[in-house]
Amino acid sequence: MSVENDNLKDRKDVIIGSMIIIFIIYVLQLINLQILNPEYKQHADSNAFLKKTKFPARGLIYDRNGKLLVYNKPAYDVMVIMNEVQEFDTLDFCHATNITKDKLEKLIKRMKNERGYSKYTPQVLISQLSIEEFAILQEKLYKLPGFYIQDRTLREYTYPCAAHALGSVGEVSQRDMDNDPYYSRGDYAGKNGVEKYYEKTLRGEKGYEILLRDARGRLKGKYQDGKLDKASVPGKNIELSIDIELQAYGEKLMRNKIGSVVAIEPQTGEILALVSSPNFNPSDLVGRQRGENFKRLNNDPLKPLLDRPLMARYPPGSTFKVVNSLIFQQEGIITPETRYPCHHGFVFGGLTVGCHGHPSPLDMRHSLQTSCNGYYCWGLKAMMDNKKYKNVQDAFETWKKDVVSFGFGYKTGVDFPNENRGFIPNAEFYNKRYGERGWKGLTIISIAIGQGEIIATPIQLANYASAIANQGYWITPHIVRKIEGEQIADSLLEKHVTNVDKKYFAASIDGMEMAVKGGTARVAQMDSITVCAKTGTAQNPHGKDHSIFMAFAPRENPRIAIAVVVENAGFGATWAGPIASLMMEKYLNGKISPGRKALEDRMVNANLIPSTKTPR
Amino acid sequence: MTQRHVSITNIIDWPTIIVYIILVVAGWFCVYASSYEFDNSSMFDFSQQAGKQLVWIICAGIIGISILLINYRIYSTFAYVFYGAMVLLLIATIFLSRDINGSHSWLEFGPVRLQPAELAKFATSLALAKMMSAYDFKLQGLRNYAKVIMLIMLPMAIIIAQNETGSALVFAALFLVLYRKGMPGVLIILGLLAAALFIFVIKYESIYLQGENLCNLGMLISAILIIITTNIFIFVFRKDKEMVWNNTKATLGIMLIAVATNFFITVDYIWFVFGIIVYMVLALFWKSIRERRRLYALIALFPIVAVGYCFSADYLFDNALQPHQKSRIHVLLGTEEDSQGAGYNVNQSKIAIGSGQFIGKGYLKGTQTKLKYVPEQSTDFIFCTLGEEFGFVGSTIIMALYLFLMIRIVIIAERQTEVFNQVYAYCVAAILLFHFTINIGMVIGVMPVIGIPLPFFSYGGSSLWGFTLMLFVLLKLDSTRLER
Chain D
1 MSVENDNLKD RKDVIIGSMI IIFIIYVLQL INLQILNPEY KQHADSNAFL KKTKFPARGL
61 IYDRNGKLLV YNKPAYDVMV IMNEVQEFDT LDFCHATNIT KDKLEKLIKR MKNERGYSKY
121 TPQVLISQLS IEEFAILQEK LYKLPGFYIQ DRTLREYTYP CAAHALGSVG EVSQRDMDND
181 PYYSRGDYAG KNGVEKYYEK TLRGEKGYEI LLRDARGRLK GKYQDGKLDK ASVPGKNIEL
241 SIDIELQAYG EKLMRNKIGS VVAIEPQTGE ILALVSSPNF NPSDLVGRQR GENFKRLNND
301 PLKPLLDRPL MARYPPGSTF KVVNSLIFQQ EGIITPETRY PCHHGFVFGG LTVGCHGHPS
361 PLDMRHSLQT SCNGYYCWGL KAMMDNKKYK NVQDAFETWK KDVVSFGFGY KTGVDFPNEN
421 RGFIPNAEFY NKRYGERGWK GLTIISIAIG QGEIIATPIQ LANYASAIAN QGYWITPHIV
481 RKIEGEQIAD SLLEKHVTNV DKKYFAASID GMEMAVKGGT ARVAQMDSIT VCAKTGTAQN
541 PHGKDHSIFM AFAPRENPRI AIAVVVENAG FGATWAGPIA SLMMEKYLNG KISPGRKALE
601 DRMVNANLIP STKTPR
Chain B
1 MTQRHVSITN IIDWPTIIVY IILVVAGWFC VYASSYEFDN SSMFDFSQQA GKQLVWIICA
61 GIIGISILLI NYRIYSTFAY VFYGAMVLLL IATIFLSRDI NGSHSWLEFG PVRLQPAELA
121 KFATSLALAK MMSAYDFKLQ GLRNYAKVIM LIMLPMAIII AQNETGSALV FAALFLVLYR
181 KGMPGVLIIL GLLAAALFIF VIKYESIYLQ GENLCNLGML ISAILIIITT NIFIFVFRKD
241 KEMVWNNTKA TLGIMLIAVA TNFFITVDYI WFVFGIIVYM VLALFWKSIR ERRRLYALIA
301 LFPIVAVGYC FSADYLFDNA LQPHQKSRIH VLLGTEEDSQ GAGYNVNQSK IAIGSGQFIG
361 KGYLKGTQTK LKYVPEQSTD FIFCTLGEEF GFVGSTIIMA LYLFLMIRIV IIAERQTEVF
421 NQVYAYCVAA ILLFHFTINI GMVIGVMPVI GIPLPFFSYG GSSLWGFTLM LFVLLKLDST
481 RLER
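These protein sequence lines map, in sequence, to chains D and B. Here the numbering used here is used: the first residue of the first sequence is 1, the next is one more, and so on. Here the numbering used here is used: the first residue of the second sequence is 1, the next is one more, and so on.
No lab work stands behind these hints, which were simulated from the structure alone. Each residue gets a CB set at the ideal place from its N, CA and C atoms; glycine is no exception. Any given hint could turn out to be false.
As the list claims (entries may be wrong) - Chain B regions said to be covered by chain D (calculated; three or more residues, Cβ under 8 Å):
#, region
1, 294-304
2, 345-352
3, 439-450
4, 460-474
Stated by the list, open to error - Dumping the calculated BS3-like pairs for lysine-lysine here, alpha-carbon to alpha-carbon at most 27 Å:
#, chain 1, residue 1, chain 2, residue 2
5, D, LYS12, D, LYS119
6, B, LYS138, D, LYS12
7, D, LYS222, B, LYS372
8, D, LYS227, B, LYS287
9, D, LYS119, B, LYS181
10, D, LYS12, B, LYS476
11, B, LYS372, D, LYS140
12, B, LYS181, D, LYS12
13, D, LYS196, D, LYS230
14, D, LYS252, D, LYS52
15, D, LYS51, B, LYS239
16, B, LYS365, D, LYS222
17, D, LYS51, B, LYS138
18, D, LYS9, B, LYS239
19, D, LYS52, D, LYS227
20, D, LYS9, B, LYS147
21, D, LYS12, B, LYS147
22, B, LYS138, D, LYS9
23, D, LYS200, D, LYS230
24, B, LYS372, D, LYS41
25, D, LYS52, B, LYS372
26, B, LYS365, D, LYS54
27, D, LYS227, B, LYS239
28, D, LYS51, D, LYS12
29, B, LYS287, B, LYS241
30, B, LYS239, D, LYS143
31, D, LYS9, B, LYS181
32, D, LYS52, B, LYS365
33, D, LYS9, B, LYS476
34, B, LYS239, D, LYS12
35, D, LYS495, D, LYS390
36, D, LYS230, B, LYS365
37, D, LYS222, D, LYS41
38, D, LYS440, D, LYS388
39, D, LYS9, D, LYS51
40, D, LYS41, B, LYS241
Kindly generate the complete structure, drawing on both the sequences and the hints.
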């Protein structure tokens, strides 16, 4: 039978049309899969490529004498790709990794709840297995598809010292990852101290190797024979300016005391010691016990985690008189020969600032020697009420600029991530408090003796000692001296010149020397070395006065400037002074003279922690 | 009858042959690529898939040339003989073949394995062409429909009994041939609508919009679809705009009442939607009686049957399908997330294709197929290798070649003067279209996973020979069109 001229011919168009429509739909789906959706490419890569991260060794840290302080030890993380995990003997696994089944379930749950969790990429399940635990697990790994071991390094410390200065290394937080795409979950980064500030120097650069993996998880060798692999770049080693022996000695002296010791080499700004007390062993914050120890330290009422040298805020007390003596000379308020009366204090109008017994009237050198309060109250009043200034605001701003030029009131720029700037008020501050016409010299008289609104950190005090030692300039304090194959930042070598000319320093330094030879700072005296010092006793609302001491030695070509704060310990001369003195002797002579052993013992053994603060 | 002598090389449809050769060769390269394992085994290693495929290709060439040389009249003359022999072979296979993953569809002759189901398509096409080219045959009346449907369904049923549901479904493609030869298009539309309703009911069977088992989303969508389709029928078959407008008004009114009622007490919206359907059915019957037109009553039957179908779809789904088929459908519909189970194949094949991106990773450089992420990658999932290594460009070119081939066959079909030839040509086109749609559709994740090969491309002798046989018989028949 032959085909008739039927009226169904149009139906071929419907048929061809549906073929074309199907074709178009499929092309659209291909566009969707192959062009619009890069996700499939990533899936394919995570399927086929096992990108094994190669972690670089973190840079080592040495002290100024080349002694190794911080190095690395291996640790092993158990990584898991949930998508590949098959039924496995959980009991066996728990046994090998030394955890309970309960704990395993918790770990898995926690891992799944992490932001950025993916079942296609390796996730950290258990971190930091020791080498022994790793060895046991390694043998069972073939039975555990989806589980991998990732090599890591942990920090190890040769001295149980300088925990605050060195800082610690811990697992990165979500914020770290958001801020720097370099990090992935489970990575480690410096959390504070040098480890944080120099993180990019120390960490090096991660590398990776790309391995091919088939559908059953078997590795099929390197992708393109390793052409696309990237070797890791080890972190750079760092040499600190710390003298670890001096640091250890400082920590020994500060045992059972709350406070700080900061020692700086004046000519270079290099920090020689940076003691924060109470402190802890840096090894406590390494490895699996980190979390627990961190919690314990964080809950300690004595706040051992607080980095006091950089963050604690104290009124500088009488140590502040030296800068005032310098400013009053510079601004022409006094000469070293100017005398002010003081009979057990400064009395004017209804106001009294007490002082202790000493001859009166005094010149400037002797006022520093005896730490006379009256002298500086008169001096400040004379400056604030001086007619050569337009008004008290003008006078105060001049004073303030001079003070700030000694490194007060702003961050010194030290190479630490957490420096506090202290506080020096400006005229505006007092205008707000008292009204523009509501204040004059008398109103703010306590700043003459480093009380009132003035706040400084221990590092600022040490830097201030350094500026006096250098007679008119200071170098940004810094703790890193050398970086392997790299220059340290220019900002750390910057010379800051004070507003006070060099010529005015001699007289004030005379006063400091006299304080040691026959004044309030006698305790700092050493046989062979001329020490210049100033005591301070800072009143504070938290209890007994803080004992403060600032010094440098020797007078000619000073090699060490130091500030010591012992909280709630009373007079500066009693505790902070001896500690500063012993530190200087230890640094300059390398040992403590036999005559001072008793003093040393007394300092080491003293427990000055107020009973209200001791943990119950 | 005048006989003109024309050389077969002059009259044969060369475009088809060229596309056929390109597809077969491209398929061979892809088979090599998908069995290649980074260890440069030769394409001619006859212990490997690529080497074997080369043997199948050479055999296919011999088959093709032989067909062109054999007298074309045997196909028409012996169509029923072929068909009968095929049915017997299919039945015999169930008992003779080994159980391969539950399937009893392979006959083994030493090293060679044959799947008679592949040849059944050819035999059924011949038989269908023979039946419809009979002198007094017209696609009308229940008897003729029954004969044609029986012819198609018989091999289908046996193949289902072999547990090769995928291959069996291919025979459904032959309804397209019936459509071309006069079956009302509305039947095809109803078939597709049935599939759509089925999908909605299954896909949304566990979603309730009003909470607490009220307002099942699958039912709601299905009911709305039924309402719309009914109105389309009214409009298309009766051109009765007034009634469509009335239905629209009634729908809006009932929905207003539904919203108002739900302010006071919670009543399942489904009941109101069914209320609309009941209203339309009553209106249709009323009009049918008043105007004495049977068509209105016929249209009214549609929503009744459709609603019944929807209610039984769940039952059908749970009882008529095998667990792995249910699971595959669930994965396709996205109601079951299981990237390691049934969804694994589709997921991995989408990943492989997607990772090819615009121009692909380059020949033999695909990682997904090399590392065995995609299962059955040389047979049913061969398109993955193509997509991964040749990207969007390569896949689109090959798809375009298939489109060209199918359209070419339709054109060939349309130029036939013999009904036998034309029906047979449409059978070839419909079967190719079905394989193309299902195979590529499943690989790119828009169709359920039904294990049927990509014609000319997939590894395997039976499939290649079956399609070669079909295509070359068509070319031979076509070459006789001027012999008149």
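Going through the hints against the structure:
1. 294-304: violated (count 0)
2. 345-352: Since three or more residues must qualify, the claim that chain D covers the region 345-352 of chain B holds, with 4 doing so at under 8 Å.
3. 439-450: holds (count 5)
4. 460-474: violated (count 0)
5. D:LYS12 - D:LYS119: violated (50 Å)
6. B:LYS138 - D:LYS12: holds (19 Å)
7. D:LYS222 - B:LYS372: The hint holds at about 17 Å.
8. D:LYS227 - B:LYS287: Violated - the C-alpha atoms of LYS287 (chain B) and LYS227 (chain D) are around 79 Å apart, more than 27 Å.
9. D:LYS119 - B:LYS181: With Cα atoms ~54 Å apart, LYS119 (chain D) and LYS181 (chain B) exceed 27 Å; violated.
10. D:LYS12 - B:LYS476: holds (22 Å)
11. B:LYS372 - D:LYS140: Judged against 27 Å, a Cα distance of about 25 Å means the pair holds.
12. B:LYS181 - D:LYS12: holds (10 Å)
13. D:LYS196 - D:LYS230: holds (25 Å)
14. D:LYS252 - D:LYS52: The given pair, whose Cα atoms are some 45 Å apart, is violated under the 27 Å limit.
15. D:LYS51 - B:LYS239: With Cα atoms ~66 Å apart, LYS51 (chain D) and LYS239 (chain B) exceed 27 Å; violated.
16. B:LYS365 - D:LYS222: holds (14 Å)
17. D:LYS51 - B:LYS138: Distance of about 67 Å is beyond 27 Å: violated.
18. D:LYS9 - B:LYS239: With a Cα-Cα distance of about 25 Å, the restraint between LYS9 (chain D) and LYS239 (chain B) holds, given a limit of 27 Å.
19. D:LYS52 - D:LYS227: It holds: about 14 Å lies between the C-alpha atoms, which stays within 27 Å.
20. D:LYS9 - B:LYS147: holds (24 Å)
21. D:LYS12 - B:LYS147: Holds. LYS12 (chain D) to LYS147 (chain B) sits at ~24 Å (cutoff 27 Å).
22. B:LYS138 - D:LYS9: Satisfied, since the Cα-Cα distance of roughly 16 Å is no more than 27 Å.
23. D:LYS200 - D:LYS230: Holds, at about 18 Å.
24. B:LYS372 - D:LYS41: holds (16 Å)
25. D:LYS52 - B:LYS372: holds (21 Å)
26. B:LYS365 - D:LYS54: holds (26 Å)
27. D:LYS227 - B:LYS239: violated (71 Å)
28. D:LYS51 - D:LYS12: Violated, because 54 Å separates the two Cα atoms, which is more than 27 Å.
29. B:LYS287 - B:LYS241: holds (14 Å)
30. B:LYS239 - D:LYS143: Given that 27 Å is the threshold and the Cα spacing comes to 71 Å, the pair is violated.
31. D:LYS9 - B:LYS181: At roughly 9 Å apart (the allowed maximum being 27 Å), LYS181 (chain B) and LYS9 (chain D) satisfy the hint.
32. D:LYS52 - B:LYS365: Cα-Cα ~21 Å, so holds.
33. D:LYS9 - B:LYS476: The given pair, whose Cα atoms are some 23 Å apart, holds under the 27 Å limit.
34. B:LYS239 - D:LYS12: Judged against 27 Å, a Cα distance of about 26 Å means the pair holds.
35. D:LYS495 - D:LYS390: Cα-Cα ~32 Å, so violated.
36. D:LYS230 - B:LYS365: Distance of about 21 Å is within 27 Å: holds.
37. D:LYS222 - D:LYS41: holds (19 Å)
38. D:LYS440 - D:LYS388: holds (15 Å)
39. D:LYS9 - D:LYS51: violated (60 Å)
40. D:LYS41 - B:LYS241: Status violated; Cα separation ~52 Å.
Hint check: violations occur at hints 1, 4, 5, 8, 9, 14, 15, 17, 27, 28, 30, 35, 39, 40; the rest are consistent with the structure.
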